[in-house]
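A.B. asks: Residue strings, one per chain:
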Amino acid sequence: QVRLQESGPGLVKPSETLSLTCTVSDGSMSYHYWSWIRQPPGKGLEWLGYIFYSGSTNYNPSLKSRLSISLDSSKSQFSLKLSYVTAEDSAVYYCARGSIIGGFPIWGQGTMVTVS
Amino acid sequence: QSALTQPASVSGSPGQSITISCTGPNSGVGSYNLVSWYQQHPGKAPKLIIYEGTKRPSGVSDRFSGSKSGNTASLTISGLQTEDEADYYCCSSVGGNSWVFGGGTKVTVL
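Chains as they are written, first to last, in my numbering: chain A, 1 to 116; chain B, 1 to 110.
Hints are computed from structural coordinates only; laboratory data are not their basis. A portion of the hints provided could be inaccurate.
Said to hold, decoys possible - Derived DSSO-like pairs (lysine-lysine); straight-line CA-CA distance at most 30 Å:
no.	chain 1	residue 1	chain 2	residue 2
1	A	Lys-64	B	Lys-44
2	B	Lys-47	A	Lys-43
3	B	Lys-44	A	Lys-13
4	B	Lys-106	B	Lys-55
5	A	Lys-43	B	Lys-55
Excised from the complex, chain A in its bound form:
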C-alpha cells in the first residue's frame, strides 16, 4: 500500500512563502494526480491544486496567483509553495493521490502549518 508523508516547517511568518514536500513511499508517481488539500482548524476541506505525473498542473482559482506545485520523480516527491501567506493560510495541509473519477483514495497524515 502506497503511503504519503508531508514534511516542512510548522511555523511560517506572514508575507513569507510556505513550502511543503510530500514523499511517496513506493516511488510510483506515474498515471496519477498528486494533489494538495488543506483544512483550517475547525473548518472544512479545500482542494488547492494538483500536478499530474506528466508535469501538468491546475490550481484552485482562489489561490492561483500564489500557488505553485512541482514534481521530482527521481526523489518520489511533489512539493507545494504558497507565497505571501497570511493567518488565513494556517491549516492542516494534506497531500493526496487521486483521479478524476476515483476521488482521493490515498492521503498523507497531514501537517499543521501556522502563520504567525
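Based on these hints, arrange chain B on the given structure of chain A.
C.D. replies: Okay, now just chain B, sitting in the frame of chain A:
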C-alpha cells in the same frame, strides 16, 4: 469555484438510517458520477468511502451507500453505529481537471 452544499449536521440513533445530501451547481454533481465521499474522525486524515457516486472501495462497510438525483448527490448510512460518528465531506470533480469539496456534515449518534 463554489463549495458544494451539505447540511451542517445530521443525527440518528443506533440502528437507524441517515442520509446526507450534497448539492452543487457544477456539472460534476449534475451530469456525471464524479462525486466522492469522505469520512473524517477528529485528528485523522479523511478516508474515501464512496467514489464514482455509488462505488465503495475495498474494505468499506456496505452500510455506506451513495446515490444521485439531478444536481444532488446523497450518502446514506444504514444501521448507524457509534463509530460512524464523524464528519463527512462530499467532493466533485469540476470540468475534469479540478475538485471542489462540500462544507462538511457532522454526524452525531444519539
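A.B. asks: For every hint, state whether the structure bears it out.
C.D. replies: Status of the hints after comparison with the structure:
no.: 1; hint: A:Lys-64 / B:Lys-44; result: holds (27 Å)
no.: 2; hint: B:Lys-47 / A:Lys-43; result: holds (17 Å)
no.: 3; hint: B:Lys-44 / A:Lys-13; result: holds (26 Å)
no.: 4; hint: B:Lys-106 / B:Lys-55; result: holds (22 Å)
no.: 5; hint: A:Lys-43 / B:Lys-55; result: holds (27 Å)
In terms of the numbered hints stated before, the structure departs from none.
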